[in-house]
Each structure stands twice: as structure tokens, then as C-alpha cells.
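Asks: I would like the entire structure built from these sequences, with the hints used as guidance.
What follows is each chain in one-letter form.
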Amino acid sequence: MAKRPNTEQNRVNSNSQSTFGQKNEQLEKQNVQTALQENERILEEVLGSSYDFVIRRFTVFDQHAAFLVYLSNMVEIEGLNEDVLRPLFATRQLGSVTSPEQVMHALQYQVLYHANCQLDTGMLRIVHEILQGKCAVFVDGMQEAFLIGVRQVQRRAVEQPPTEQVIQGPREGFIESLDRNIGLIRYRVQTPDFQTDIIHVGKITKSKVAVCYIQGIANDELIKEVKQRLSEIDIDAVLDVGYLEQLIEDHPYSPFPQVQNTERPDKAVANMVEGRVTILMDGSPFALIVPTVFSQFYQTAEDYSSRFLQASFVRLARVVALVFSLVFPSLYVAILSYNPELIPTQFAVAVAGGRAGVPFPSFVEVLIMEVSMEVLREATIRLPQQVGGALSIVGVLVIGQAAVSAGFASPITVVVIALTTIGSFATPAYNAAFALRMLRFPMIALAGMFGLYGVMIGLIIIANHVLSLKSFGVSYMSPASPGNFQGMKDLVFRLPFWSMKYRPSILHASNYKRTSNTGTQMKHSHHHTLDPMKMKNQNEGAADEYPEATDDHTDGSHSN
Amino acid sequence: MNIQKQLTTIQTAAILTSSIIGVGVLPLPLFAARAAGSAGPLITAGGAAAGFLGVFILIFLGRRFQNQSIIQYSPRVIGKPIAFAGSMLIILFFAVLTSLAAREFGTVVVTSVLRKTPLEVTVIVMLLLAAKQARKDIRIFAYTHLLYLPFILAPGLIIVILSLKNAEWLYLQPIWGTEWKRMGTGVLTVAALFQGSFIIGFLIPYMRRPERSVTAGFWGVSIAACLYLLIVIAAIGVFGAEEIKNLLWPTLELAKTTSLPANILERLDAAFIAVWVAAVFTTLYVSYFLTILAMSQLFRLKDHKALSFAILPVIFVIAMLPQSVAQLYEVIEWVGRFGLLITIAYPAFLLLVASIRRAKGESNSNAPAR
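The listed protein sequences derive, respectively, from chains S and Z.
Take 206 as the starting number for the first sequence in the numbering used here and just add one per residue.
Take 2 as the starting number for the second sequence in the numbering used here and just add one per residue.
Hints are supplied without guarantee of correctness; some may be wrong.
Claimed, not checked - From the derived model, a few chain S residues whose C-beta atoms are all more than 10 Å from chain Z:
hint: 1; residue: ASN236
hint: 2; residue: VAL251
hint: 3; residue: HIS269
hint: 4; residue: GLY300
hint: 5; residue: TYR314
hint: 6; residue: ALA320
hint: 7; residue: PRO367
hint: 8; residue: THR410
hint: 9; residue: LEU521
hint: 10; residue: ASN544
hint: 11; residue: GLY559
hint: 12; residue: PHE565
hint: 13; residue: LEU588
hint: 14; residue: GLN591
hint: 15; residue: SER673
hint: 16; residue: LYS694
Unchecked claim - Looking from chain Z toward chain S, a few residues come up when the C-beta cut is under 7 Å (computed):
hint: 17; residue: LEU130
hint: 18; residue: LEU147
hint: 19; residue: TRP181
hint: 20; residue: ASN264
hint: 21; residue: GLU267
hint: 22; residue: VAL278
Read the hints as simulated data drawn from the structure, not as lab findings.
Note that CB positions come from ideal geometry on N, CA and C, so glycine has one too.
Replies: Now the structure itself:
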């Protein structure tokens, strides 16, 4: 690329010495030329340095020169041969067509039968389409080029989402391909009201971001705001929705996540039906859900697919685990070092006995154990899976046991730390569990300094902070804190569906009611179809024999 | 006037309840027993009645001027100079009330749990908590109180329920006291504990349905009054009036003598103090918020945020002025009784003048028609 004149800036971009964006500028105003060589030269200049750039020359209708361009790594070569080149080569049998208009017409309406085929004039757009995996066909004398979708990119199969496992419920998870993900959603909401609006984000990556919502349920202002925030993003590369999350959230400095992410299409759909907006991105197997309130982080998709008593019980257990993971170590430190008189005497003696050989105050002991637990946890994630499983067992059993017998930690400390860690694993949302995991450390410090008083001060600070958070204007602690009783039906306990007649009012959904009936009908619409009394009335004669026969049989067997 | 009407009735009631229940619960049985012995519950009921009176006077005033707070409508009723003096007194009084509450709780913590911690630390920590949150707007103010309410009511109720098994009903008789003068002073002392509910004078303009402020006021004060009454009954029932007179914080002693069933926690005093931090925080938050909100309205500032940390040093210094616990309680009782002039007599005067002059707020055109 030495022949390019514009070299005053030395910023090296890939292997050319030109400045970034220069190619785009050059192409901006270019249109497809009638002279075929000219088009070829332009494309060669822009894309020619890539090794996978291919130009295949041929003729159509036996006399018009033409060429096909594509990036060999992005297209399905078999489809290209069968569905693009074969019909084009077959044109020599169709006889001669002379004028360029006729050529174009014939190609468009008679030859190229590919479903995904369009015409374009702008060189910039054509180049972008080629980069996205389409192939372009240029014919001499034509002012337009055919763009044919033969894209094939590597993608994995739809699998069970590893971060959100369920016992009961669908097993499909999002994958990296946006098309497939939208397909997974559309498969669940077969309504024209389901909308996806595409926004391109990232100066270099131009990542395709889809804003998905259900028209007529999601609040229009919310949709506008989400699109507004996404389009205001000014960044070079967006490689995952995690980038977007950080750029659209309301309080970046808060430890609490204000955007929920999920790998589950059913969860995304459920949230959209409630009136939320889902953001998907090409290349990321996660969907973002906005707005988010705190209670969503301990709710799972399974809470709705299992029976309500079961769901409520499990959810309660999760809330307990969440609280545990935050306060348990600090409570332990506070009680042990300031108020041992609170715990029953026998237990206090046992605790003191366990701590007899430990040289540190309980504050230091807990802190050391917590830090080593964090290190262990991180190591388990980073290690290859085969080793990881072994390490977690080794870590917990051997190190814990060894620490106790070495007099480094008391057995009860190990129990407390283990419970805390397990508690933080019980939270379905990793990012929310992480917030509390982080806050555990200042809590332990406060407990070490001020005892129970300090723990309470810490909790108040956290509660006050959380109370002032907002996600897209929705108070983070709602529905608990504005005191919305409709919303509280789905807070800690998940009440049966017939009692949740309305969508969450915090979302100001355009369509407020979930059910059209009064809800009581949902409960009482059952008829005791197979009730023996009814059966008897229906077919008296036939029904009599069989039960009698069995009665006889059982009577006989009992008497023997 | 661009006021967002957003407070619900429940939120208003919650604010009132949590403004009343605070550090005052700790010495409450002492105040009651000292005034009338076994007739302590009666004194408490009398104090609660005075509390109701104060709140309802403010509500009737507020209903006349639905879009203004007491600071804003008082000049229309009694003229600017007197109203200015009255408003200044309100601000001063609540600043002092904030300091005294912080000081009182700081003393409790330092005396009973953190014996080696300097008093200054516990006082400033509580004040910082309140000052930080007081910077927030009225919506978050309401949300905070609503969220904390269960955690304020639960520990008090638990202690009352658990200690009632040790109660001796004979200690509560006779239910009628004898010395009228001392009983009157006792009623005033207990009534002073209800002064946080003065905040209603500032809340009505923010209420979504101001006509339901009576409901909110009734429930808010009732819940707090019931808890007060229960605690006094439990304390006198367990210790007897004569014993209580020797205890500085009988409620705390009550927590000390109770243990959770199945021996989960042997004594509850340290846990009670820890949980009570929340109750004290909400009380402080109310009086702190009230102080700076009143200041910003009196001096017509755009909002109250900047004042929050500006007045913190003043409040802290006032808090550290009393020299000893004995002096502290002398000051608290005196300031409390004097405060009744501001929180009950002054609004009553305003209501009287307003009804004579038939002064009313501008027609409630922007009141929601729901």
C-alpha cells in the first residue's frame, strides 16, 4: 500500500500505513461504475490486501464480462457454486442478450434464483456487505451490483445455558449468532407485535445490536430511551453485551448491577411480556434486560415453571442464602470479638476451644480465609475443567483441613466461610452475587472495628445506597420500597398466576392487564370429568361390570 | 410551585411511625414510671394523645394550604416577621433535636456495647449516615422509611412478646396515678418523644392525595403509640415501677433479660442495640431532613442538598455540649417540653388565626382529581 499518497500520519493500522477510516471516506461517494475494470480496481484497492479476498471472473450471456467477489472465509463455498455460479454460467445457453438493461433484468428475474439477493449502487455499502459475508456480482455496463447472501460463519449448536441451569424448564440457551437468537425468541412469541430494531454500535466492529420488545406492552418512552442510550455510545469496539451494559447503566460506580443479563430465551421472552426491553448483540450469547430491579437477581425462570409453593420455598431459600453471603462472616467476627455473651454458653466454650491455638484475632483469621477463598474460586474458574474439579475439592478439603490442624484457623471459621461461599453460589445471577461478595469485605472490616453496631452501620449504608439507585428511572428496590402491593406478590414469594393479574406497574406497561378475565376463572374452570358419580350417570350399564369384577377379585385375594 | 405529588398514604404513615420510634424508646419506661409509678402506661397513653393532637393540628392546617409546607404558609397567616421567627425556631429546635438524638444514642452505644470507642465516633457516624441520606430527594426519603419500617417494628415487638412471660401483672396496678402535677410533667415528657411527627407539616404538599393525610396521620401515630404502650407495659410488668426508677434505659435492660426461645441467643441487648441503629437512623434522618428542608424553604433555596453537610459541624458541636449523661437527660427533657410549644402550640396558634382570618391556600387546581 505504499503507493497511497496519504502517509503524513504514522499511525499503523494492520499492515497498511494509511490512517484509520480513510478507506471509508474514499468509498463514501463512490458508486458502481459502468466500466468493469474500474470496479475491480476499487475493490482491489480496498480489500485486495486480505488473503481471503477472492475475485472470480467469468462471462454472462456469452459476451458480457462479469466477476464475483467474496471473502472466502465468510461464505459457504458449496452454496456459492450451486446457487450463484451455476445459474450464471448456465446463461450461455439462454442465447444473447445485448443491452445492459436487458442483462440486468434477465439476471434479476430469470437467472439468480437465490432468495437472499438484492441490488445496490453504493460502493461503501457493497464493501460492508462483502465484509459481512455476502458475495457481490458485477457485470460490465451495469450500474448496480448483485449482493447475494451466502454467508456462513462458524457457530456452535444451541446448548443448555451453563450459567442458568434449571431442573424444570426449557433447555435452550442463546448462542453467539444474533439471527439464531432472534429465531429462538420468535419461536416463543409468534406475534407481529414482537419487534427488533437494529442499531450498529462500535466504530470498528460495527456490531449489530438488536433492541427487542413487544409493541403495545413495553412503554414507548422506555424503548426510545434504550435506543437513545445505545446510539449515544461512542467506542471503537464492542465485543460483548457486557460492553453495552457498562455504557448504558445509570450508576457505573455502584457495586450493584443495574442491568440483568441472561442466556435463556424463555427468560428474555418472559421479561419482554412483562414490559421490559431486551438487548441482543451479534457475537454475544447473553441478552441484556432493562430496566432491572434488585429482586430480579434472585428470581429464576424456574420460579414460574414450577408450582407456586415450590417456587416460593426455593426463592425464600435463595434470599436467605443471599443475606448469608453478605453478613455471615461479619456477624461471626462481631459476635466473637465483641459480644460473645450473646451466644449460648456451651457453644461459646466450644468456639473458644476451637480458637485456642489460633494466633490471630478472629477478624484477621476470617479475612485471611475469605481472601484465600476468593483466590481459590478464581483459580477454579480459570483452570482447565479437568483440573478445576480436582482443585476445588483439594482446595476446600485439604487446605481447610490443613489450616485447622496447623492451628491457623478454627474449625468454626472454616464452617462459616464455607457457608458464606455456598450461599453466594445459590444466587442465580452471578453479577449480583458478586456485588455482595465484594461488599462482604468492608462489612468484615466494620465488624472488626465496631462489632454488631458496625455491621448494622454497614447494612444501613448498603440499604441507603441501594434505595437511591435507579435503573432507567425505576427504583432499584421496587416493588418493596415504594410499597406496591401488586408487585409484592412476586417479591419473596411467588403467588399463583391467578393472583398476579397485572404486569409490574413499575414498568408502566402500555397494556397493564395480564389476563382478560377476572382471574378467578383461571382458578375455578375445572370440572371433575372422571368423577365416578358423573361417569355412572353417563353410561350406567357398561360401567358397572368392570368395577364389580375387580371388586370381586380384590375381595377374593384378601379373603385368601 | 413545582412540587411533584408522589407520596402515597402508606408511605406517609411509615414516615410518621419511623420518625417517632427512635432512641426515645430506650428511656421511655423510665420517664413513664418516674412520673406515675405503676400508672406509667396511662402516662404513655396521655403522651400519645398529645402526639395525636399535634399531628392533627398540622394536618388540619396542611389541608387548608395543600400546596405549601408550614414554613411557606405561615407568613400568609400571621405575617412575615412573626412567621420568620417561628420558622427560625422550628429550624433551631429540630437541629437541636437531631443533635440530642445522635448524642443520646452515641452515649447508649458507648456505655453498653463499645466501651472503648470514643463517644465522638459513634455520634459522628450516626450524623454522617443521616446527612448523607438527607441529600436525597423526598421520594427516596419516603422509600427509605417504608423499607426500614418492618425492621424497626419487629425488634420492639419481639422483645415485648418474649419478655411478657416474665411479667407480673400485679406490678401494673393501680393503673391510675395520684400526683397530678408530676403526671402532667410526665405526659409532656412522653409527648415530646412524638415530636418527629412534625414532619407531616412538610409532607402534605407532596402527598398524592392530601385528603387522606388524616388516615396516614392516624395510622402512623397509632402504630408508634401502640409500640410505646406495649414497651412500657412490658417493662413495668417485668421490673416493677420502683425498679425501673433505678434503671437508665429500662428497654435495654428488658432486652438483656430476654433470651430467644431454644437458646439461639442468650441475651438480646447487644443485638437489640445493633438493630435499633436502624430505628435511630430513621428518626435522625427525619429531623435532619426536616431541618434542612425547612432552611431551604425559609431562605428560598433551590434545593436542600448543599445544606446537608454544611450544617453537620454545627449539629455535631451541639451534640457534644452536654457534659454527662445526667446533664444530657436534663437537657433532653427540658428541650423536649419546650419543643411542645413549637410543635403543638405554634401550629395550634396558626390554625386559630387562620380560621379566624379564613386564610386559605390557593385553590387546589393542580391537585390530582383522583
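Asks: Now look at each hint and say whether the structure bears it out.
Replies: For each hint, the structure was consulted:
1. Taking the minimum C-beta to C-beta distance to chain Z, about 55 Å, the non-interface status of S:ASN236 holds against the 10 Å cut.
2. The Cβ of S:VAL251 lies farther than 10 Å from every Cβ of chain Z, with a closest approach of about 55 Å, so its non-interface assignment holds.
3. With a least beta-carbon separation of about 70 Å from chain Z, S:HIS269 lies farther than 10 Å from that chain, consistent with its non-interface assignment.
4. No Cβ of chain Z approaches the Cβ of S:GLY300 within 10 Å, the least distance being about 77 Å, so the stated non-interface status holds.
5. With a least CB separation of 62 Å from chain Z, S:TYR314 remains clear of the 10 Å interface cut-off, as annotated.
6. Every beta carbon of chain Z lies more than 10 Å from that of S:ALA320, the smallest distance being close to 54 Å; the non-interface claim holds.
7. For S:PRO367, the non-interface assignment is confirmed: its Cβ lies about 35 Å from the closest Cβ of chain Z, beyond the 10 Å cut-off.
8. Against chain Z, the non-interface label of S:THR410 holds: every CB pair exceeds 10 Å, the least being about 38 Å.
9. With a cut of 10 Å on Cβ distances, S:LEU521 stays outside the contact zone with chain Z, its closest approach being about 16 Å.
10. Against the 10 Å criterion, S:ASN544 falls within the reach of chain Z, whose nearest CB is about 4 Å from its own CB.
11. With a minimum CB-CB distance of about 19 Å to chain Z, S:GLY559 clears the 10 Å threshold, and the non-interface call stands.
12. The non-interface label for S:PHE565 is consistent with chain Z: the shortest C-beta to C-beta separation is roughly 19 Å, beyond 10 Å.
13. At roughly 40 Å, the least C-beta separation between S:LEU588 and chain Z is larger than 10 Å, which holds for a residue marked as non-interface.
14. At roughly 44 Å from the closest C-beta of chain Z, the C-beta of S:GLN591 stays outside 10 Å, upholding its exclusion from the interface.
15. Not every CB of chain Z is more than 10 Å from the CB of S:SER673 (nearest about 5 Å), against its label as outside the interface.
16. With a minimum CB-CB distance of about 16 Å to chain Z, S:LYS694 clears the 10 Å threshold, and the non-interface call stands.
17. For Z:LEU130, the shortest C-beta to C-beta distance to chain S is roughly 6 Å, which falls under 7 Å, so the interface hint holds.
18. The interface hint given for Z:LEU147 is met, as the beta carbon of that residue sits about 5 Å from the closest beta carbon of chain S, less than 7 Å.
19. Given the 7 Å rule on beta carbons, the hint for Z:TRP181 is violated: about 41 Å separates it from the nearest Cβ of chain S.
20. Restraint check, Z:ASN264 versus chain S: the minimum CB separation of about 5 Å is within 7 Å; hint holds.
21. Proximity of Z:GLU267 to chain S holds as hinted, the smallest CB-CB distance being about 5 Å (cut-off 7 Å).
22. A hinted interface residue such as Z:VAL278 counts as satisfied when its beta carbon comes closer than 7 Å to some beta carbon of chain S; here the least separation is about 4 Å, so the hint holds.
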